[in-house]
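Residue numbers (the working numbering), protein chains in the order written: chain A, 1 to 77; chain B, 1 to 77; chain C, 1 to 77; chain D, 1 to 377; chain E, 1 to 377; chain F, 1 to 377.
These are computed hints drawn from the structure, not numbers from a lab.
Ideal placement from N, C-alpha and C gives every residue a C-beta, glycine not left out.
Check the hints yourself; a few may be wrong.
Here are the simulated DSSO-like pairs of lysine-lysine, each with C-alpha atoms no more than 30 Å apart in a straight line [unchecked claim]: (1) D:K103 - F:K6; (2) E:K187 - E:K103; (3) F:K338 - F:K187; (4) E:K6 - F:K103; (5) F:K338 - F:K314; (6) F:K103 - C:K37; (7) E:K103 - A:K37; (8) B:K37 - D:K208; (9) F:K314 - C:K37; (10) D:K6 - E:K103; (11) C:K37 - F:K307; (12) C:K37 - F:K208; (13) E:K208 - A:K37; (14) D:K307 - B:K37; (15) D:K307 - D:K278; (16) E:K207 - A:K37; (17) B:K37 - D:K103; (18) E:K307 - A:K37.
Just a sample of chain E residues kept apart from chain D, beta carbon distances all over 10 Å, derived [to be verified]: (19) V21; (20) F224; (21) K338; (22) M351.
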Amino acid sequence: MDVFEALSTAANIMLLGMVCVFAFLGLLVIVINTIAKYCPEEAKAAPAKQNNVNDQVSPDVVAAISAAVHKYRKSRD
Amino acid sequence: MDVFEALSTAANIMLLGMVCVFAFLGLLVIVINTIAKYCPEEAKAAPAKQNNVNDQVSPDVVAAISAAVHKYRKSRD
Amino acid sequence: MDVFEALSTAANIMLLGMVCVFAFLGLLVIVINTIAKYCPEEAKAAPAKQNNVNDQVSPDVVAAISAAVHKYRKSRD
Amino acid sequence: MEGLLKLWNDTGLANFEVGQVVMMAVGALLLYLAIVRGYEPLLLLPIGFGCVLANIPMAGFTDEGGMLWYVYHVGIETGVFPLLIFMGVGAMTDFGALIANPKMLFLGASAQFGIFATLFGAIALNLVPGFEFSLADASAIAIIGGADGPTAIFLASKLAPELLGAIAVAAYSYMALVPIIQPPIMKALTSVKEREIVMEQLRPVSKKEKVFFPLAVLFATVLFLPAATPLVGMFCLGNLMRECGVVDRLSSTAQNELINIVTIFLGLAVGSKLSAEKFLTIETIGILLLGAVAFSIGTASGVMMAKVMGRFSKTPINPLVGAAGVSAVPMAARVANKVGLEANPHNFLLMHAMGPNVAGVLGSAVAAGILLAIVGG
Amino acid sequence: MEGLLKLWNDTGLANFEVGQVVMMAVGALLLYLAIVRGYEPLLLLPIGFGCVLANIPMAGFTDEGGMLWYVYHVGIETGVFPLLIFMGVGAMTDFGALIANPKMLFLGASAQFGIFATLFGAIALNLVPGFEFSLADASAIAIIGGADGPTAIFLASKLAPELLGAIAVAAYSYMALVPIIQPPIMKALTSVKEREIVMEQLRPVSKKEKVFFPLAVLFATVLFLPAATPLVGMFCLGNLMRECGVVDRLSSTAQNELINIVTIFLGLAVGSKLSAEKFLTIETIGILLLGAVAFSIGTASGVMMAKVMGRFSKTPINPLVGAAGVSAVPMAARVANKVGLEANPHNFLLMHAMGPNVAGVLGSAVAAGILLAIVGG
Amino acid sequence: MEGLLKLWNDTGLANFEVGQVVMMAVGALLLYLAIVRGYEPLLLLPIGFGCVLANIPMAGFTDEGGMLWYVYHVGIETGVFPLLIFMGVGAMTDFGALIANPKMLFLGASAQFGIFATLFGAIALNLVPGFEFSLADASAIAIIGGADGPTAIFLASKLAPELLGAIAVAAYSYMALVPIIQPPIMKALTSVKEREIVMEQLRPVSKKEKVFFPLAVLFATVLFLPAATPLVGMFCLGNLMRECGVVDRLSSTAQNELINIVTIFLGLAVGSKLSAEKFLTIETIGILLLGAVAFSIGTASGVMMAKVMGRFSKTPINPLVGAAGVSAVPMAARVANKVGLEANPHNFLLMHAMGPNVAGVLGSAVAAGILLAIVGG
Ligand code: NA
Ligand code: NA
Ligand code: NA
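Can you make the complete structure from the sequences, with help from the hints?
Here's what the structure looks like:
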């Protein structure tokens, strides 16, 4: 294949590729919007609850724990 | 093989299979009883000791630790 | 190969092997000393700091944590 | 323009066959069961996903050189993946409840009647035009009644690889359906009074007994049923690693990282066998039907055996624990516990049901060994 | 004496060829970049070490039967290793930011212009005497612009295995160089005012949307681009395991132990392709050059697209987030955040940049699929 | 009836050969040593279990297509498993004590005399009728004196695969017996006064030195002993991952999950080579004998060298640390510490003994390389 022919092929692939990538990811935009439309926002009580547990703990204790866990993990290695 | 012959074979396997399964697991009953006879019950001091360590810790601290460990494990993922 | 010839070969290998092992590990001695010469001793502030964090924590809490972590790891298995 | 045409000719849209569309729906159904219904998600999710991947036109996942092709041939055809899962399950299983009450082994044995009755049923189904199950096929189908995934996959890969997909799907689906299939049968076969029976507390079991148990099981298998040793042997290895107390690192890896890695691959590989030409057949309907029969007969046999044993036993036996003999660990034991609680809110059967439950795992591995020896040899 | 001679004849000293010495220096450079500079150390360290091992005279690591020979043929030639890495990356990726603002997908699409422009550039380089890149070579080189390691390795192993080493090294090196390559381009193409733009807070995304997302991506790929399904499929499997919430054990294994194990082997295997006769060529210089061009064009395309979109969008778009569309997760998003903070110290763009960032991963996997379909088919 | 006969003909009972019964007893002995005595349980438990499995009549574990057959051919024949174990061991090894006191390398070198003397001994054993060890056999046997499991397995798989089982069993058994074998030799060769010698505290070692160390070792191996690079190279890779501080995920996986998985398989595969016809031979007795000799000579050489060095050294050297030069990490170092404490209850030699201990690992890997180069080439 002559270089200029190859360049023309490459240009074709460039065009075709960008069109396809945009078409495909554009399709995904539509898909995501459709999903969002049919998925009601959830209440999200669970994570809040979990934070509460952590909030009740004094920062000192958490720091102590982190250090201990770190030490423990190190020792385990 | 004719179907009725196959059925007779299947019935044979059914009988033979159940006899073998019962014989084999029945043998295990004898084996377990024999093991139990020669294995004196152990004192089990170690686990009790471990529980003591935990008992000395106030439930609050344990809750804090569980939360911290959970958080830590999450962060590690 | 006649046994005595084999023994002479084995003796040769013995000699050669020990010379090579000594030469090679001796070379490593030189290498390590060279590395040490060009590597300034580091300040080591970080590990000290880490120890401090642990020092501030009362031994009781650390014991509690160790127990909890142990329990937690057990439960995870 | 030529490139665009080539791309179009490669798209799924231009190449879909009806069978593939249906199989993708089957894959989506399995994903739904796994994610939304929580049916054995660890296996059904990768199986469902593997099914979807395998049926993508032009993607070549299951062609020679494709990812799923490699995984299937390396892991399933060799039998290595189910054996590793079995080792991990062994490392996760506590035989304490069984060792404390070894009679429960008879319940685990009895429930295997589900397997052998289904074998007979599968052969009988040949009387219906359209079905042509060989003895090997029938054996592989019957093992669904063992309610044990890796055992079913192992036996199917040896005796009827072309039915593997349907058998694995049926096995895991029915295992997940245990809370729906078993209770009506259990209630129909027992009176309220029987379901209220309180069993004696189990004796504590020493560490030594737990260490000797897998060795003794292996020894018995070696002597009397070598064909069962691949399954039983790896199971005992896992259990020995768990109980011996000196190789905790290995035991932990076997029941965590190793079993997880193998589970992902095993699921994908099983899913890759769910192709239209092999799954969309009348045989699959027969397999699903026979699988349900197998679970039901196994449950009934376990309960009936428990009733008989209760009559002759010095200590009381609640017949509900017999249903746990099908295995489906630990679901069936939980079902026995739950149905028991309905009759007597203070009667916790869980530990008592764990005995027949783990006995059922051994029972179906033994049954698989027998089938391999007679049919496969 | 004879033995000593034999030993001497076997030493590296007596057998070194110049090319091997140079390649060992390359390996040492990669180790330096990984350890001292912190350039993508998880991959560059094993790659560098593999490079050193592969170039030891007389050691036979890459000969048939050598350790690296096995690892390469089992893991790279089959395509399994990059696919497993991709599964792990999927299990580590949170698509929340993208689902909350799906327009960002256009930025991820736009940045792939770096790939296709480089393909053209690679072919154009054939005009320079000494270069002879086939279309397959050019495609494999161009994918460096995708800024995604496993995608580049997967495509190179299919289209141009002899260039694999250089391509992988270029891909990971430039990914590490993102904080140096991108900022000048980003600043040159935007005004301070544009860089100061504050974007609206993202809406919370429900768990359901996150579960449906990988399934929808897979479905679209199946329909329109089956050639991309190996990469996209494994990626979606990982992401589904992460988000579905019922297989946390598998998800955790996929993003920790399994990806770590595969990373070690993948790195060694890639390093084993860094032999003198394949790496010390003028092609490698071309590849390194084209790789830099690809990253730059991709960055510029992303930023320009973001500027265009900002003009037409109802909500403000900071053009800096467009640069994150090249992927290089999460480095490019961090760079966008940092450059944004320089203009406005109260403007945190990180979450907004994560959208185009993960879109870029999908974009380059799609581009790889297109190239496979057109060039490889 | 026919089925029953078939089952009976398949039972172990009907097919046992005497050799298999004896080998099962050997397997049981290994399990006993591992579980009850705590002899290197991580390896001896899977080896013992593999031995039992391999000797089950009719089970076919080691036949082509059997599980252990696959594991052996994939992992041992290729050399991959011992190399991965070695990488993990490298990631677990801290060379700090050796870097702080590099002279200790001479003790690690000296203790390898156990290897080479045993090689001579193995050849000399050919004078006894019934023994016919080739030079390759003798080398593989001699490496037992290296007191390093993966090195022994690697070398045996290359030089004398038919002796692999006996060599691995001897290597791990004697490593576990180090606390019994070494103390009498150590006490016989030293006076109480010598054993009381207190050594100077080791200097702190910087992170940089620890990073350069594996690279320097690799570099020296590349230059002078390429035949040792498979072992030394993987070892250095593991150590570099440990010390460089930028790939902690990989290092952690290498020294935990990966090494655990490989250990299970390696053990089973080694055990699968313990068949009657290969193990129940006079050669095995010779191997066990030579192994004990190798350990003893290695220990004695280390101690004697330490005595000689102590005479010329500016800083005091306790000759007990020389015994740790055989490797058997960390058991031999602990033995040196314990024997030292008996002489002087305030003298902790553990850290000082770690230097020769890890030097011994390098020493035996180097010796294995030399043997491979001279005998295997
Ligand atoms: Na069962
Ligand atoms: Na990209
Ligand atoms: Na050694």
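Hint-by-hint comparison with the structure:
| no. | hint | in the structure |
| --- | --- | --- |
| 1 | D:K103 - F:K6 | holds, 29 Å |
| 2 | E:K187 - E:K103 | holds, 23 Å |
| 3 | F:K338 - F:K187 | holds, 12 Å |
| 4 | E:K6 - F:K103 | holds, 29 Å |
| 5 | F:K338 - F:K314 | holds, 25 Å |
| 6 | F:K103 - C:K37 | holds, 15 Å |
| 7 | E:K103 - A:K37 | holds, 15 Å |
| 8 | B:K37 - D:K208 | holds, 11 Å |
| 9 | F:K314 - C:K37 | holds, 19 Å |
| 10 | D:K6 - E:K103 | holds, 29 Å |
| 11 | C:K37 - F:K307 | holds, 28 Å |
| 12 | C:K37 - F:K208 | holds, 12 Å |
| 13 | E:K208 - A:K37 | holds, 11 Å |
| 14 | D:K307 - B:K37 | holds, 28 Å |
| 15 | D:K307 - D:K278 | violated, 42 Å |
| 16 | E:K207 - A:K37 | holds, 14 Å |
| 17 | B:K37 - D:K103 | holds, 15 Å |
| 18 | E:K307 - A:K37 | holds, 28 Å |
| 19 | V21 | holds, 37 Å |
| 20 | F224 | violated, 5 Å |
| 21 | K338 | holds, 36 Å |
| 22 | M351 | holds, 27 Å |
Of the numbered hints listed earlier, those contradicted by the structure are 15 and 20.
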